[in-house]
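Asker: Single-letter residue listing:
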Amino acid sequence: MSDEKKLAIIATKGTLDWAYPPFILASTAAALGYQVQIFFTFYGLQLVKKDLDVKLSSLGNPGMPMPMPMPVILQAMPGMQAMMTSMMKQKMKKKGVADLEELRELCIEAEVKMIACQMTVDLFEFSHSDLIDDVEYGGAATFFEFAGESDISLFM
Amino acid sequence: MADFDQELDASGLNCPLPILRAKKALAGLSSGQVLHVIATDPGSVKDFEAFAKQTGNELMEAREDGGKFYFLIKKA
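So the protein sequences, as listed, match chains A and B.
Numbered as in my numbering, the first sequence ends at 160 without a single skipped number.
Numbered as in my numbering, the second sequence ends at 788 without a single skipped number.
Honestly, the hints are just simulated from the structure, not real lab data.
Please note that a few of the clues may not be correct.
Lysine to any residue pairs mimicking SDA-like chemistry, simulated, CA-CA at most 20 Å apart [to be verified]: (1) A:Lys-99 x B:Lys-780; (2) A:Lys-95 x B:Asn-726; (3) A:Lys-98 x B:Ala-762; (4) A:Lys-93 x A:Lys-10; (5) A:Lys-117 x A:Lys-99; (6) A:Lys-117 x A:Tyr-141; (7) A:Lys-9 x B:Leu-784; (8) A:Lys-10 x B:Lys-765.
Bound conformation, chain B alone (with noise of 0.2 Å):
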């Protein structure tokens, strides 16, 4: 897995906590930096997906293991 500046670990907030979160962590950094995302609410796959569209920060992975959900966004 790539680096990361910050971690943010979401497990067991369901929607719409996690992106919430994940808005004030990436507040937080500055532009490149990267935030890392430990989620288990399965809605947040296609909602990061969707976060990263319309913010423009970029979702550089995605990805499950073991019932949990990674996900790697770009600050832009």
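Bound conformation, chain A alone (with noise of 0.2 Å):
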């Protein structure tokens, strides 16, 4: 299957609004046809966790639409962060969004392939069973080694 394109991805972020981006591209990718395989790296290994339980801040994110206007100081407080993941969570089911889990589980059925970079799983104290079995362990070079041959890389 040398004609098929191939896709890689690099994920390294572990937030509610960052962890959409690589499953939704991988998961499109693979039903168009391409090979598609992602690198978590970072906070990225959130994403692959068997229990995916991702988070959002409105902190360091000015961009982020606010229901209301508010300073920055009460964005801090306790609380804050789950209400607006929360709030997040309902209007993403209300407008039809895909759940996290399912968009995950989409791309495993695709045959996405999911490689776990050790040196992170190591740095964060993860144990190979806290992350979702469909997922390989690897080092840069393995990304290399299919990014290398890839069409397309992205890194997010």
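Please assemble the complex out of the two chains, which come individually in their own frames, going by the hints.
Answerer: This is how it looks when you write it as structure tokens:
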């Protein structure tokens, strides 16, 4: 299948908003016939945890549309992150945006290959049993083996 | 409207779900069979065109009626 197009993604973020781009692009590319690999490193490892529980924060993100104007100091109050996460999840559900877990499942079904960075797994003291079974482990050289012959490489 | 072999109602679903569901439905059809997709996501109009172009499946018809979008896709 050498004529198959290839997409390589590096996923480095572990928040709810940044969890979507890698899974949306990977699942769609797979549906279009691409062979896809995602390399999860640093906070991106949160996206391959068995317990997929990512949160949203408005802190350090002045671009986030707020239901009402709110001073930054209030956004840092206890409970605000949980509240924003739940509001965003409700909104996504209402708008028919895919559930994150469903999207990840669709990627796995479509044979998107997922690689977890062993170095950051060690750094964060995660164990392989914290991550989904579909994940493989490797390092930068593993990524380049695939990325080197990819048509598209994206860093997220 | 032309005949179809299977119908997929993707109403209320947003990008990329209509495409992913359509891909799954097409996998169950044989070559030459036609899938009818109903969607409400306005982005799906361009997306189904792009999907057909890249996968070789033929987009036989795309139309809008009362805020809904209807697509006929023939499996390659």
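Asker: Taking the hints in turn, state whether each one holds.
Answerer: Hints versus structure:
no.: 1; hint: A:Lys-99 x B:Lys-780; verdict: holds (15 Å)
no.: 2; hint: A:Lys-95 x B:Asn-726; verdict: holds (12 Å)
no.: 3; hint: A:Lys-98 x B:Ala-762; verdict: violated (26 Å)
no.: 4; hint: A:Lys-93 x A:Lys-10; verdict: violated (31 Å)
no.: 5; hint: A:Lys-117 x A:Lys-99; verdict: violated (29 Å)
no.: 6; hint: A:Lys-117 x A:Tyr-141; verdict: holds (11 Å)
no.: 7; hint: A:Lys-9 x B:Leu-784; verdict: violated (26 Å)
no.: 8; hint: A:Lys-10 x B:Lys-765; verdict: holds (17 Å)
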